[in-house]
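To get my numbering, take the position in the sequence shown, counting from 1, and add 1123.
Hints were generated in silico from the structure; no laboratory data involved.
Predicted, not measured: the structure shown is a model, and the values here were computed from it.
Watch out, some of these pointers could steer you wrong.
[Unchecked claim] Distance condition first, Cα-Cα at most 30 Å in a straight line; then the derived BS3-like pairs of lysine-lysine:
#  : residue 1 : residue 2
1  : Lys-1280  : Lys-1168
2  : Lys-1168  : Lys-1564
3  : Lys-1339  : Lys-1193
4  : Lys-1339  : Lys-1280
5  : Lys-1206  : Lys-1484
6  : Lys-1484  : Lys-1193
7  : Lys-1371  : Lys-1206
8  : Lys-1339  : Lys-1207
9  : Lys-1193  : Lys-1371
10 : Lys-1339  : Lys-1504
11 : Lys-1413  : Lys-1166
12 : Lys-1504  : Lys-1484
13 : Lys-1564  : Lys-1280
14 : Lys-1193  : Lys-1413
15 : Lys-1371  : Lys-1207
16 : Lys-1484  : Lys-1207
17 : Lys-1193  : Lys-1207
18 : Lys-1371  : Lys-1280
19 : Lys-1371  : Lys-1168
20 : Lys-1339  : Lys-1420
[To be verified] FRET-style restraints, in silico, Cβ to Cβ:
#  : residue 1 : residue 2 : range
21 : Leu-1178  : Asp-1320  : 22 to 32 Å
22 : Glu-1466  : Asp-1197  : 33 to 43 Å
23 : Lys-1168  : Pro-1328  : 52 to 62 Å
24 : Asn-1274  : Glu-1307  : 12 to 22 Å
25 : Arg-1136  : Arg-1191  : 51 to 61 Å
Using N, Cα and C, we set each Cβ at its ideal position, and we do this for glycine too.
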Amino acid sequence: MTAHNNVPRTLPRFSSTFDPHTLSEIRRAAATGIYDIRGGGTKRKLPHFDDLLFLGASVSRYPLEGYREKCGTDVVLGTRFAKKPVRLRTPVTIAGMSFGALSANAKEALGRGASAMGTSTTTGDGGMTPEERQSSQTLVYQYLPSRYGMNPNDLRKADAIEIVIGQGAKPGGGGMLLGQKITERVAGMRTLPAGIDQRSACRHPDWTGPDDLEIKIEELRELTDWEKPIYVKVGASRPYYDISLAVKSGADVVVLDGMQGGTAATQDVFIEHVGIPILAAIRPAVQALKDLGMHRKVQLIVSGGIRNGADVAKALALGADAVAIGTAALVALGDNDPIHEAEYQALGSTAGAYDDWHEGKDPAGITTQDPALSARLDPVKAGRRLANYLAVMTLEAQTITRACGKSHLHNLEPEDLVALTMEAAAMAGVPLAGTDWIPGKGGF
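Go ahead and model the full structure; you've got the sequences and the hints to work with.
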């Protein structure tokens, strides 16, 4: 086929709507009658921290000298009501990932790596393992709708309690753990039959709204003698209202999880079509805290696709107090490593693309309950790898902060940022690079 000017023109081979992936998914659904379940977060490209840039110091301000001038990274979480707030050396924390989804060795490794860097890790759905509590200097206990493994003794052993109302990969949806990962030990902790698929509830059974949530928070405070900070975690969907209600219910810390994250298994259609990117969620969440006079008084942790120190610095510049990582932490432990390429190929995947963590066949020994596979992961070595990664992220964030002339990560601010696209400028509320224009706010 040729164009009107007689210049040959090549048409795309596939429809932009019915591309090869879409066609294959239609065929798979038609053949099986089963929707696709996976982990690993969104595969489509969404506005993210890469669409923001920092304005380094020049004539108008001075940078800090890296070898002679300090740049603080510490953060205190839970200062509102808790007698014993959580004190961390770095604002990079480990998100909740359950024993059951992960092996016991992986949970121990997460605790070891986080403790080496003076930060916290989180239990996830399924309860607290002795290995995790022993290896974790600071451990946050997740209180989910399922109540799996929940008991007063473990709540008191924790350093903080995180009430999970939603996750970024599936706001409005419950958890999944397929039967092949529910061993006798996992089943015992969750009071479930071994080998049977588990689907946890999408909402807590003992409250229906923020008034009831306030009562639950009070119960947990009484149970732990008002010592432990109480976090409330929500999936990014309506962040202004959700954060406002969590704060009014008495939360010490709010956790906001964007749709790019998600180590947990859920429906592919959920991962790709429910929730909003974390870049779009931070600004309204911070505005809610400011409108209530609670910004920096109630701390904000954000998560969902955090990968490096630049992401950390950008999240904090937009108003967060700390971040949480999940997928990146698993990669640091050794997941998706090309050294297992032959085994990933045998599973029908490849290193870096493997997202069938729920099937329990992970050759790295991380997202599995198979004894032989789990034994491959050395928790000491894996913990050291995670500590190295956390150290690099912290140093990268410090480097950017010094370049902006700031002496603490929490001194970064939106004024230090510009956006590369109109979408990112509008979402983050910072100017488009080269202008003073923020879409939706006028000016140019």
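(request) Could you work out which earlier hints the structure fails to respect and list their numbers in ascending sequence? (result) 1, 3, 5, 6, 9, 10, 11, 13, 16, 19, 21, 23
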